[in-house]
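Peer 1: Here are the chains, one letter per residue:
Protein chains: 2
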Amino acid sequence: MRLRHKPWAEEFINSHPEIVIPNPEALKGNWDKEFKNDHPLHIEVGTGKGQFITGMAKQNPHINYIGIELYDSVIVSALENAIAAGSPPNLRLLKVNGADLAKYFEKNDVDRVYLNFSDPWPKIRHAKRRLTHEGFLELYESILVDNAEIHFKTDNRGLFEYSLISMSAYGMLIKDVSLDLHVNMPEDNIMTEYEEKFSAKGQPIYRVEAKFV
Amino acid sequence: MRLRHKPWAEEFINSHPEIVIPNPEALKGNWDKEFKNDHPLHIEVGTGKGQFITGMAKQNPHINYIGIELYDSVIVSALENAIAAGSPPNLRLLKVNGADLAKYFEKNDVDRVYLNFSDPWPKIRHAKRRLTHEGFLELYESILVDNAEIHFKTDNRGLFEYSLISMSAYGMLIKDVSLDLHVNMPEDNIMTEYEEKFSAKGQPIYRVEAKFV
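Keeping their order, the protein sequence lines are chains A and B.
This note's numbering numbers the first residue of the first sequence as 1 and each following residue consecutively.
This note's numbering numbers the first residue of the second sequence as 1 and each following residue consecutively.
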């Protein structure tokens, strides 16, 4: 994603602590208190401009959602999206690095991980940065309940091929695969900004549901 | 594949017992004797007109190959292909039903199974006929050496999606995946007749290598 400098972003983010959580370390193991219920918690790592996570939160009021995004200039759009959607009570944003998830969540805190249109990091020497690399799968497993699922969508063929192999090598079960999601669009599919753009060009969207076993 | 009636086919097949093996039951557990060596044995289930298996046999003289095809009118083309290629000593054809593999092979007889452009059997009630259905995976495992691989190519998206899920559910490891094989064509890729036809139309060819573990 192209990053634009937005000097007003930091102030705007800081003025909405009810959505962009200012002290997530303090909530590790206690996310129920933040949401004031014990509903399942689904997180999206790399939430971008937030269309997906906001749409999911509106669609599924009995699931809690956290969108995780590192960059001020990007998460500010997710914040605007959340406010425009009426600040759903089951939606939060975290302005942190996905590699640091273990600082904010402990085992059994999270029930599902969504990855959407993650950076493909196509160079082999950057493979460890891919969000489906073994190191990240370990990280997700360390904060998820047992037998949880990762739901992953991308337009990037190379990243998808890599991810199937990586997940299988990790011992995960491939539960569902779509190699052209929009041919038989699931009724409840919430599109990301990238997904709208790429599918409008006729490019196939790849999707997998994989389960830790 | 469209089947044409070829009244001369049976006679032609019967006149080439050195390629189309007339008594495969007798060779169960003894394929080394047929090939007069102990090289690995790779089989293709549903060999069609034989371009793939003949090309593989020519490319890899130290591997034995058997192409399996039920229909007279189809296997006769594979036989013609084999003869035109100089009747490679490491190539045989079997005119039998793939569902009956256990009549002709026993555990450890086979080192790899190839499936190429298999019938997709798109109707759910025909799922058991798909060559990557659990029942067929069991059958392959019962004649393969331990930790053997299935190499599968198809242009059919639905069958490929089904196959990834079926193989994963069976506990197989997804070792390699290509969702558009011809973009980075492997140098040693031998194309089937279907593959030439579909890739010429710009359709992606899907390929997976999956391992029994």
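Keep in mind that a hint or two might mislead.
Note: identical chains are not told apart, hence a pair may lie in one copy or across any two.
What the hints assert, rightly or not - Calculated cross-link-like contacts (lysine-lysine; reagent style DSSO-like; alpha-carbon spacing at most 30 Å):
hint, residue 1, residue 2
1, 103, 123
2, 107, 197
3, 123, 175
4, 211, 36
5, 128, 33
6, 6, 33
7, 36, 201
8, 123, 28
9, 201, 107
10, 211, 123
11, 211, 6
12, 175, 128
13, 211, 175
14, 6, 175
15, 28, 201
16, 33, 123
17, 6, 58
18, 107, 6
19, 107, 28
20, 197, 123
21, 28, 197
22, 197, 33
23, 33, 201
24, 6, 103
25, 123, 36
These are computed hints drawn from the structure, not numbers from a lab.
Please read all numbers here as calculations on a predicted model, not as lab measurements.
Peer 1: Decide, hint by hint, whether the structure agrees.
Peer 2: Quick rundown of the hints versus the structure:
Taking the closest pair of Cα atoms, residue 103 and residue 123 come within 30 Å of each other only inside a single copy of the chain (28 Å); across copies the shortest separation is 48 Å, beyond that limit. Neither within a single protomer nor between protomers do residue 107 and residue 197 lie at most 30 Å apart by alpha-carbon distance, with minima of 36 Å and 51 Å respectively. In this assembly of identical chains, residue 123 and residue 175 lie within 30 Å of each other by CA distance both inside one copy and across copies; the values are 28 Å within and 20 Å between. Taking CA atoms no more than 30 Å apart as the test, residue 211 paired with residue 36 passes inside one copy only; the shortest distance there is 28 Å, against 47 Å between copies.
With identical chains, the CA atoms of residue 128 and residue 33 are never at most 30 Å apart, being 34 Å at best within one copy and 49 Å at best between copies. Within a single copy, residue 6 and residue 33 get their C-alpha atoms no closer than 32 Å, and across copies no closer than 76 Å, so neither meets the 30 Å cut-off. Taking CA atoms no more than 30 Å apart as the test, residue 36 paired with residue 201 passes in neither setting, with 42 Å inside one copy and 56 Å between copies. Neither within a single protomer nor between protomers do residue 123 and residue 28 lie at most 30 Å apart by alpha-carbon distance, with minima of 34 Å and 48 Å respectively.
Taking the closest pair of Cα atoms, residue 201 and residue 107 never come within 30 Å of each other, the shortest separation being 40 Å inside a single copy and 49 Å across copies. Taking CA atoms no more than 30 Å apart as the test, residue 211 paired with residue 123 passes in both settings, with 27 Å inside one copy and 26 Å between copies. For a Cα distance limit of 30 Å, the shortest separation of residue 211 from residue 6 qualifies neither inside one copy, at 38 Å, nor across copies, at 50 Å. Taking identical chains as interchangeable, the C-alpha atoms of residue 175 and residue 128 lie at most 30 Å apart whether they share a chain (24 Å) or sit on different chains (18 Å).
Taking the shortest alpha-carbon separations for residue 211 and residue 175, both the intra-copy value of 7 Å and the inter-copy value of 17 Å come in at or below 30 Å. In this assembly of identical chains, the alpha carbons of residue 6 and residue 175 never lie at most 30 Å apart, being 41 Å within a copy and 44 Å across copies at closest. With identical chains, the CA atoms of residue 28 and residue 201 are never at most 30 Å apart, being 41 Å at best within one copy and 54 Å at best between copies. Taking CA atoms no more than 30 Å apart as the test, residue 33 paired with residue 123 passes in neither setting, with 42 Å inside one copy and 49 Å between copies.
For a Cα distance limit of 30 Å, the shortest separation of residue 6 from residue 58 inside one copy, 27 Å, qualifies, whereas the shortest one across copies, 63 Å, does not. Taking identical chains as interchangeable, the C-alpha atoms of residue 107 and residue 6 are never at most 30 Å apart, the minima being 36 Å within one chain and 66 Å between chains. For the identical chains of this complex, residue 107 and residue 28 are intra-copy neighbours only, at 10 Å inside a copy versus 52 Å across copies, given an alpha-carbon limit of 30 Å. Proximity of residue 197 and residue 123 under a CA criterion of 30 Å is satisfied intra-copy only: 24 Å inside one chain copy versus 33 Å between copies.
Neither within a single protomer nor between protomers do residue 28 and residue 197 lie at most 30 Å apart by alpha-carbon distance, with minima of 36 Å and 56 Å respectively. In the homo-oligomer, the alpha carbons of residue 197 and residue 33 never lie at most 30 Å apart, since the shortest distance is 37 Å inside one protomer and 60 Å across protomers. Taking CA atoms no more than 30 Å apart as the test, residue 33 paired with residue 201 passes in neither setting, with 43 Å inside one copy and 57 Å between copies. Taking the shortest Cα distances, residue 6 and residue 103 sit within 30 Å of each other inside one copy (27 Å), while across copies they are farther apart (71 Å).
For the identical chains of this complex, residue 123 and residue 36 are neighbours neither inside a copy (43 Å) nor across copies (47 Å), given an alpha-carbon limit of 30 Å.
Hint compliance for this structure: hints 2, 5, 6, 7, 8, 9, 11, 14, 15, 16, 18, 21, 22, 23 and 25 are broken, all remaining hints hold.
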